[in-house]
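There are 2 protein chains.
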Amino acid sequence: MKLLEDRIREEGEIIGDDIVKVDMFLNHRIDIELLCEIGKEFRRLFAGEKINKILTIEASGIGIACVAAQYFNVPVVFAKKGVNRNVGTDLYTGEVFSFTKNQKTDIGISKKYLTAEDRVLIIDDFIANGEAVKGLIGLCDQAGAEVKGIGICVEKGFQPGGKELREMGYHVESLAIVKSIENGVITFG
Amino acid sequence: MKLLEDRIREEGEIIGDDIVKVDMFLNHRIDIELLCEIGKEFRRLFAGEKINKILTIEASGIGIACVAAQYFNVPVVFAKKGVNRNVGTDLYTGEVFSFTKNQKTDIGISKKYLTAEDRVLIIDDFIANGEAVKGLIGLCDQAGAEVKGIGICVEKGFQPGGKELREMGYHVESLAIVKSIENGVITFG
Chain A
0 MKLLEDRIRE EGEIIGDDIV KVDMFLNHRI DIELLCEIGK EFRRLFAGEK INKILTIEAS
60 GIGIACVAAQ YFNVPVVFAK KGVNRNVGTD LYTGEVFSFT KNQKTDIGIS KKYLTAEDRV
120 LIIDDFIANG EAVKGLIGLC DQAGAEVKGI GICVEKGFQP GGKELREMGY HVESLAIVKS
180 IENGVITFG
Chain B
0 MKLLEDRIRE EGEIIGDDIV KVDMFLNHRI DIELLCEIGK EFRRLFAGEK INKILTIEAS
60 GIGIACVAAQ YFNVPVVFAK KGVNRNVGTD LYTGEVFSFT KNQKTDIGIS KKYLTAEDRV
120 LIIDDFIANG EAVKGLIGLC DQAGAEVKGI GICVEKGFQP GGKELREMGY HVESLAIVKS
180 IENGVITFG
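Here the protein sequences come in this chain order: A and B.
Its first residue numbered 0, the first sequence is counted upward by one per residue in numbering that gives the first Met the number 0.
Its first residue numbered 0, the second sequence is counted upward by one per residue in numbering that gives the first Met the number 0.
Source of the hints: derived by calculation from the structure; they are not laboratory data.
Do not rely on the hints blindly, as some may be mistaken.
Just so you know, same-sequence chains aren't split out, so a pair can sit in one copy or run between any two.
[Said to hold, decoys possible] When the alpha-carbon atoms are kept at most 25 Å apart in a straight line, the in silico DSS-like pairs for lysine-lysine are as follows:
hint	residue 1	residue 2
1	K111	K147
2	K100	K110
3	K80	K103
4	K20	K110
5	K20	K111
6	K49	K111
7	K100	K111
8	K162	K100
9	K100	K20
Pulled out of the complex, with its shape left as it was, chain A reads as follows (with noise of 0.2 Å):
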């Protein structure tokens, strides 16, 4: 998506030879006619899935899995952290490592929300080892709903989570994908 590429050359924040920060526009202050744009092309690119549901994790998904869900008509819902096993049977459960925060979290969500007429949309800001995806599709398994697609705003291409994705066979969309970022230069794959 050439819209978020260039936002992305003229804005991000380059740190090291691994790191774009986009919180100026993504995921701390939010742009909403770019998330609208976003939101227009995921609907653009799963439109052959029959979403009935998106699912997201908390706190930077939440905004663009809602403006995006306006173009499917379906609701959304967000996974929690911190919520453990112990808090009760009417959640599933499951467990996401940040390479980030080198820090395991507990993540849940209501049995209720999740179930097996489902056919799910995961939306995420980033993926770059995929662990909150894949958390995310844990969830759906236990609900026995179908992931119908995977739709990420920024892939950093040189990490495996995109790529071990589409060979287990999910259908993921990155809107831009990270090729590699040398001397402050980023390239698009």
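Position chain B against the provided structure of chain A, taking the given hints into account.
Then chain B, alone, in the frame of chain A:
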């Protein structure tokens, strides 16, 4: 807002005499059509305030704020939780006490995204004691930003947050004010 009151009455899950859960349409599973109507109503209520930024706090405020922001044509910034004063000098920080969780949480926002030029609308899903909103006002005060409005979906009218903020002179608009919950019956005020 009759639409929201009706949904709370029809679907809200009452627990004891002081809790009504609305996680089936507002803050776990999110009904996007309802969110759009909420966004339009906030736009109508704050039309005169020349809002140029919407501020909220993760996690459940983000979806509401992002959908509403489309009707204002302004960006959203959300305060992050678990960000403390030690992170750096480029943040405005504060503390929010959660009565539900009986614990304090550090909140923070990048100084780049909240400035003295901002005319801020604070949006959140619930107000009870008003701790989260007061925390966000504190961040605005540090930035020299003006708080021109506070838009809340559900106010617990039997707890003091909304009343205190109105008495402090803030323009508070709650779309549904729960006056009381008695024997499983909700009365709106």
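Cross-check of the supplied hints:
| no. | hint | in the structure |
| --- | --- | --- |
| 1 | K111 - K147 | within (20 Å within a copy, 38 Å between copies) |
| 2 | K100 - K110 | between (28 Å within a copy, 22 Å between copies) |
| 3 | K80 - K103 | both (10 Å within a copy, 17 Å between copies) |
| 4 | K20 - K110 | between (34 Å within a copy, 15 Å between copies) |
| 5 | K20 - K111 | between (35 Å within a copy, 14 Å between copies) |
| 6 | K49 - K111 | within (21 Å within a copy, 40 Å between copies) |
| 7 | K100 - K111 | between (30 Å within a copy, 23 Å between copies) |
| 8 | K162 - K100 | within (22 Å within a copy, 39 Å between copies) |
| 9 | K100 - K20 | within (15 Å within a copy, 31 Å between copies) |
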